[in-house]
Amino acid sequence: MRANVKLWRAIGICIIGILFVGCNTNLSATKHHASGKKNKSAHIYMDGSYVMPDDTRMFKYEDVFLNFNSKGGKKTVKYNQEA
Amino acid sequence: MKNDTVTYQTAKDTKGMDCFILYLLNEDNLNRFYAGDVVNKQYITPLASQYFHYNGVLGIDLVPICWENKFAMPIGEEKWVRAVFDPDKHLIQLHVQPNNTGKCRVLTLVLNDLYGSSPYSEPFLNNAIRIFQRHD
Numbered sequence: 001m002r003a004n005v006k007l008w009r010a011i012g013i014c015i016i017g018i019l020f021v022g023c024n025t026n027l028s029a030t031k032h033h034a035s036g037k038k039n040k041s042a043h044i045y046m047d048g049s050y051v052m053p054d055d056t057r058m059f060k061y062e063d064v065f066l067n068f069n070s071k072g073g074k075k076t077v078k079y080n081q082e083a
Numbered sequence: 001m002k003n004d005t006v007t008y009q010t011a012k013d014t015k016g017m018d019c020f021i022l023y024l025l026n027e028d029n030l031n032r033f034y035a036g037d038v039v040n041k042q043y044i045t046p047l048a049s050q051y052f053h054y055n056g057v058l059g060i061d062l063v064p065i066c067w068e069n070k071f072a073m074p075i076g077e078e079k080w081v082r083a084v085f086d087p088d089k090h091l092i093q094l095h096v097q098p099n100n101t102g103k104c105r106v107l108t109l110v111l112n113d114l115y116g117s118s119p120y121s122e123p124f125l126n127n128a129i130r131i132f133q134r135h136d
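Here the protein sequences come in this chain order: W and D.
Residues in the first sequence are numbered consecutively from 1, following the working numbering.
Residues in the second sequence are numbered consecutively from 1, following the working numbering.
There may be inaccurate statements among the hints.
[Said to hold, decoys possible] Computed cross-link-like contacts, DSSO-like style, restricted to lysine-lysine with a CA-CA straight-line distance of at most 27 angstroms:
| hint | chain 1 | residue 1 | chain 2 | residue 2 |
| --- | --- | --- | --- | --- |
| 1 | D | K41 | W | K74 |
| 2 | D | K89 | D | K79 |
| 3 | D | K70 | W | K74 |
| 4 | D | K89 | D | K41 |
| 5 | D | K79 | D | K41 |
| 6 | D | K89 | W | K74 |
| 7 | D | K41 | W | K71 |
| 8 | W | K71 | D | K79 |
| 9 | D | K70 | D | K89 |
| 10 | W | K71 | D | K70 |
| 11 | D | K70 | D | K103 |
| 12 | W | K74 | D | K103 |
| 13 | D | K79 | D | K103 |
| 14 | W | K74 | D | K79 |
[Said to hold, decoys possible] DEER-style ranges, computed between Cβ atoms:
| hint | chain 1 | residue 1 | chain 2 | residue 2 | range |
| --- | --- | --- | --- | --- | --- |
| 15 | D | E77 | W | K71 | 19 to 25 angstroms |
| 16 | W | S70 | D | M73 | 29 to 35 angstroms |
| 17 | W | G72 | D | A35 | 19 to 25 angstroms |
| 18 | D | K70 | W | G72 | 19 to 25 angstroms |
| 19 | W | K74 | D | N31 | 29 to 35 angstroms |
| 20 | W | K71 | D | A35 | 22 to 28 angstroms |
| 21 | D | E78 | W | N67 | 15 to 21 angstroms |
| 22 | D | E27 | W | G72 | 29 to 35 angstroms |
| 23 | W | N67 | D | N55 | 37 to 43 angstroms |
What the hints contain is simulated information worked out from the structure, not anything from laboratory work.
Note that the structure is predicted; figures quoted are calculated from it, not measured.
Backbone N, C-alpha and C define an ideal beta-carbon position, used for all residues, glycine too.
Start from the sequences, fold in the hints, and give me the full structure.
Structure follows, in structure tokens:
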């Protein structure tokens, strides 16, 4: 009887843990997606799964992309903290 | 040439200012850096420093050079980008040369900053700019 109680208690803890992790993952995904949409209009491409055509490097987290055509040019990035 | 000024904002730093964040300088991420990339070497580990040295990644110490009002440096393996840092105005100008190489070029510029009371799990935040140029 006591063994059964311990077993069900362990199962309950596992279920609560899985639900907790799942909720946090969804929140993070929503936040990243929202910021990505916001910056597309500013010519910065925000997508953690973006892969360069000639480069298989892929960053796990958010990144800032500045795209130039073959003619080159000048772009300015403004940052809001002491570097 | 068109001069685009963009501000990237995803998070607040400890002073309530907007900033962009990226955890790049973990040792697990070292193989994502290539020759010609630029990182601020102030907070990197000895292992990371060694990796960057042998793989042509340029480490710069941003703290001393930030004391200057404005400075410029060529970056990239073929020096195809001229970066002009303006700490007073919090601006980085990136001048990209025409690409006659016949292949795409990419360069990563990583800065970082120390936040003792950061809400994130790591002691400092990394700021990264990735510059991509198409070819003809």
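**Request:** Could you tell me which of the numbered hints above are not met by this structure, giving the numbers in increasing order?
**Result:** Result: hints 7, 11, 16, 23 break, sorted rising.
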